[in-house]
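**Q** Listed below, chain by chain, are the residues.
Number of protein chains: 2
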Amino acid sequence: MLSPLIQELVDALRTLPGVGPKSAQRMAFFVLTQAQEKGHYLGHILQKAIRQVKTCQRCRMLCETDVCSICKHVQRDKSIVCVVESPANVIAIENAGMYQGLYFVLSGHLSPIDGIGPEEIGIEQFIQRIEDEEVREVVLALSATVEGEATAYYLVELIKKRGLKATRIAHGIPLGGELEYVDEGTLAKALLDRTNI
Amino acid sequence: MLSPLIQELVDALRTLPGVGPKSAQRMAFFVLTQAQEKGHYLGHILQKAIRQVKTCQRCRMLCETDVCSICKHVQRDKSIVCVVESPANVIAIENAGMYQGLYFVLSGHLSPIDGIGPEEIGIEQFIQRIEDEEVREVVLALSATVEGEATAYYLVELIKKRGLKATRIAHGIPLGGELEYVDEGTLAKALLDRTNI
Ligand SMILES: [Zn+2]
Ligand SMILES: [Zn+2]
Chain D
1 MLSPLIQELV DALRTLPGVG PKSAQRMAFF VLTQAQEKGH YLGHILQKAI
51 RQVKTCQRCR MLCETDVCSI CKHVQRDKSI VCVVESPANV IAIENAGMYQ
101 GLYFVLSGHL SPIDGIGPEE IGIEQFIQRI EDEEVREVVL ALSATVEGEA
151 TAYYLVELIK KRGLKATRIA HGIPLGGELE YVDEGTLAKA LLDRTNI
Chain Z
1 MLSPLIQELV DALRTLPGVG PKSAQRMAFF VLTQAQEKGH YLGHILQKAI
51 RQVKTCQRCR MLCETDVCSI CKHVQRDKSI VCVVESPANV IAIENAGMYQ
101 GLYFVLSGHL SPIDGIGPEE IGIEQFIQRI EDEEVREVVL ALSATVEGEA
151 TAYYLVELIK KRGLKATRIA HGIPLGGELE YVDEGTLAKA LLDRTNI
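Residue numbers (full-length UniProt numbering), protein chains in the order written: chain D, 1 to 197; chain Z, 1 to 197.
Hints were generated in silico from the structure; no laboratory data involved.
One thing to keep in mind: the hints can contain errors.
Identical copies carry no separate label here, and so any pair may be met within one copy or between two of them.
As the list claims (entries may be wrong) - Simulated crosslink set (PhoX-like; lysine-lysine; CA at most 20 Å straight-line):
| hint | residue 1 | residue 2 |
| --- | --- | --- |
| 1 | LYS189 | LYS54 |
| 2 | LYS72 | LYS54 |
| 3 | LYS72 | LYS22 |
| 4 | LYS38 | LYS48 |
| 5 | LYS78 | LYS189 |
| 6 | LYS38 | LYS54 |
| 7 | LYS160 | LYS78 |
| 8 | LYS78 | LYS165 |
| 9 | LYS72 | LYS48 |
| 10 | LYS38 | LYS165 |
| 11 | LYS165 | LYS54 |
| 12 | LYS72 | LYS161 |
Could you build the full structure based on these sequences and the hints that come with them?
**A** This is the structure in structure tokens:
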């Protein structure tokens with residue numbers, strides 16, 4: 001029904017996460033009829049960004065320079081490194097506005113079942129990083145999943161072996177979250193990790 | 001927080017309908033980390049499609065040829081023309097698989113308040129079309145909104161003045177729709193348009 005080129009565009013739009021056949025068609029018609037100029041610019045910037053964006057040599061955050069702006073920032077505390085699983089997690093923590101240290105971005109988490117070991121996610125570079133630098137503390141901010149926990153466990157060994165302090169972000173009830181709407185796993189974790197008041 | 005080029009990509013992705021800041025960021029990170037090749041291809045096809053896709057000279061459907069495949073199809077009934085408000089509506093009717101006539105695609109509907117008159121939506125070309133061709137019947141398949149109804153009313157005058165038959169698609173309860181879940185307007189319309197059994 002769709003002409004071949006429009007069908008190709010619809011199929012290509014489905015590359016994007018969260019885009020199904022209906023919304024891909026809606027997007028295609030929209031750029032073809034109402035946003036030709038902006039759509040053309042999107043095509044240009046997609047190609048340019050994919051060509052030029054690389055990972056920071058120190059923390060593996062996405063950026064278009066050799067070292068990212070966080071690693072270059074003179075006022076960040078270079079003695080603390082927060083380990084996350086993705087660039088999006090760096091942005092989330094930065095948006096929270098409370099953290100002044102540096103980062104190290106893994107490529108996801110360990111998953112032996114899928115053949116994803118320490119090398120695949122960048123743990124060798126992480127070891128170099130904590131050995132080379134004036135790092136004193138490593139904050140683990142990994143997913144609260146089985147794989148995330150396994151990865152954290154693996155990293156804690158490496159960190160402690162080098163005499164560094166390992167911490168991890170707290171899991172628990174979200175602020176403003178009502179108890180009855182929190183899932184059981186989170187509630188169990190929050191009870192286990194209860195703190196003195 | 002995001003490097004300038006990544007921020008530009010996030011902003012450009014928000015051009016797409018239904019894409020807010022969170023999903024734009026998710027899309028950007030996804031193409032930059034997990035789908036560079038497919039993302040690059042999407043950029044290419046976006047630009048190519050916007051450059052090459054035009055509107056069919058006969059029905060104004062989007063296609064990359066002068067006349068679209070529906071208009072060119074020898075077995076379609078050239079005596080019936082269905083008027084719709086967008087290319088997406090043509091696809092919806094084609095998917096329903098019951099219609100064998102041709103189409104005419106308006107650019108939306110009349111909206112005098114926004115300065116959108118007959119010329120802006122292609123009604124001049126529609127008049128030429130019904131005068132030039134062997135058209136006997138025009139099926140109106142416009143939105144069931146105030147503007148859609150006003151546009152239909154305007155077209156019916158033009159069609160009848162030329163001695164052609166004007167029909168419109170039925171509005172009513174969707175198949176399988178339970179009465180209590182159908183909105184009042186639709187229910188009222190269904191009662192008004194009741195048919196003999
Ligand atoms: Zn960095
Ligand atoms: Zn056509």
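**Q** Please go over all the hints and tell whether each is borne out by the structure.
**A** Outcome of the hint check:
Proximity of LYS189 to LYS54 under the C-alpha cut-off of 20 Å is found in neither arrangement, the shortest distances being 37 Å within a copy and 58 Å between copies. For the homomeric pair LYS72 and LYS54, the shortest alpha-carbon distance inside one copy (16 Å) is at most 20 Å, but the shortest distance between copies (48 Å) is not. Neither within a single protomer nor between protomers do LYS72 and LYS22 lie at most 20 Å apart by alpha-carbon distance, with minima of 43 Å and 26 Å respectively. Proximity of LYS38 to LYS48 under the C-alpha cut-off of 20 Å is found in both arrangements, the shortest distances being 15 Å within a copy and 14 Å between copies.
Within a single copy, LYS78 and LYS189 get their C-alpha atoms no closer than 31 Å, and across copies no closer than 69 Å, so neither meets the 20 Å cut-off. In the homo-oligomer, the alpha carbons of LYS38 and LYS54 lie at most 20 Å apart only across protomers (17 Å), although the nearest pairing inside one protomer, at 25 Å, exceeds that limit. Taking the shortest Cα distances, LYS160 and LYS78 sit within 20 Å of each other inside one copy (18 Å), while across copies they are farther apart (79 Å). For the homomeric pair LYS78 and LYS165, the shortest alpha-carbon distance inside one copy (14 Å) is at most 20 Å, but the shortest distance between copies (79 Å) is not.
In this assembly of identical chains, LYS72 and LYS48 lie within 20 Å of each other by CA distance neither inside one copy nor across copies; the values are 24 Å within and 39 Å between. For the homomeric pair LYS38 and LYS165, neither the shortest alpha-carbon distance inside one copy (49 Å) nor that between copies (41 Å) is at most 20 Å. When the C-alpha separation of LYS165 and LYS54 is checked against a cutoff of 20 Å, the pair qualifies neither within a copy, at 30 Å, nor between copies, at 63 Å. When the C-alpha separation of LYS72 and LYS161 is checked against a cutoff of 20 Å, the pair qualifies neither within a copy, at 28 Å, nor between copies, at 74 Å.
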